[in-house]
Amino acid sequence: MDEGFIISQSDKRPIYLQIMEQIKQRIAVGDWTEGQLIPSIRQLAVDLQVSVITVKRAYLELEREGVIVTQQGIGSRVSSNPGLGMRLQEQELQQHLEQAIRISALLGIRPEQLEGRLREALDKIATKELV
Amino acid sequence: MTDLAVSFRGVGKKYRYFTLDKIDLSLPQGQIMGLIGPNGAGKSTTIRILMGLVHQDSGEVRVLGRQMPGGQVAAKWDIGFASEDMRLYDSMTLDWHMSFMRSIYPSWDESYAQVLLKRFGIKREQKLRGFSHGQRVKSALLLVLARRPRLIVLDEPTTGLDPVARHEILRELTSAMADESRTILFSSHNTQDVEQISDRITFIDRGRIIDSMDKETYLDRWRRLRLEAPAGIQLPALPGIIDVKQTGRLAVATANAFEPELAQAYERTGARVQQIESMTLEEIFVANVEHSRFEQSTEEVAA
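Protein chains in written order, with the numbering used here: chain A, 35 to 165; chain B, -13 to 289.
These are computed hints drawn from the structure, not numbers from a lab.
Warning: the hint list may mix true and false statements.
Quick list of in silico lysine to any residue cross-link-like pairs, SDA-like style, CA-CA up to 20 Å [stated by the list, open to error]:
1) A:LYS46 - B:VAL272
2) B:LYS231 - B:SER278
3) B:LYS104 - B:ILE90
4) A:LYS90 - B:MET199
5) A:LYS46 - B:ARG210
Model the full structure from these sequences, guided by the hints.
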């Protein structure tokens, strides 16, 4: 039984994306390491109480992104790809930045204003935490 | 894997006030199908035909390789069926019901039954009379699951249950699917349950199947596009869009055959695409029923 995966109903994204993200987080923080065998599709579906096809979709997309490798009859592993954890954290940062850009577009904030806001936020956190 | 546990071809049934209209359905072995639709859409009739309890007027029904209704007696050894109106005897204990099932079905798995008693928190020595609705539903499901049938058919298994009981039922259904040769078909109004656990979705409304396909493909086809139209322009419903609601310059378009190309097509009309959102099955359900009723009514007017 693989505890800790949370499928949220208030999260607007499809379930397969939530599964993908949580697998990536596990790899990013090093809980799942390169080459490690991960649960079979059917097993994870049973554990998460979601349909097999949803987990299959998540695994297919993760394979396409090079995060995991699936071998017929053996199972799926975290791909042995040096720097994968770093790359995934990098991707996560990119997603947050894009999200910020989308929200500011909805609020009618101009790109230069957004730049200013980002600098302000940086200064604020730098003085508080990083020093 | 491509073996079909259930297949319907052109199945029809006419009643005085309701017609099931040439239903086609296929459910591969090893999958869960959720049957959804409004009240009176034909879900229970479909299930009853599948079980051989109601005989179709036309069309072919095959269940686990057997022709129905002819093969119903043989098929029933392999099918576990539970519905709301299933008869449990109030004056008898759950234990009596369990012994009864055990005496009929050689496949009865007593140790699994005990595990289920524990997980469901129900007592075998208690008479059914004292059971709550939730406890009755769980008892009925226990009596079905412990037989370890190859096909499990459930009519509204989660209706009227509290969240904890619902969760327990869904957990047992998904656990049962650890066995790849098992197949489940269940009907529900609860789109959240269907979205969570089913591999295939079948939509029924007014005796017709509106859609039947694998869930991921299905959810992927539906999107909500939030658009900003140029001043004074009414945005059109492009191909793949079933509905556009516009107030002033802001419009929401609902797609049932989404392609990224659609967003570009709207931009070519001068609109700005603000956001593309995926939809929950609940939202799809409502949009789909409204759309198909609208189409049906325009067909009737045309005819």
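Status of the hints after comparison with the structure:
no., hint, result
1, A:LYS46 - B:VAL272, "17 Å, holds"
2, B:LYS231 - B:SER278, "17 Å, holds"
3, B:LYS104 - B:ILE90, "23 Å, violated"
4, A:LYS90 - B:MET199, "16 Å, holds"
5, A:LYS46 - B:ARG210, "12 Å, holds"
Going down the numbered hints, you'll see the structure goes against just number 3.
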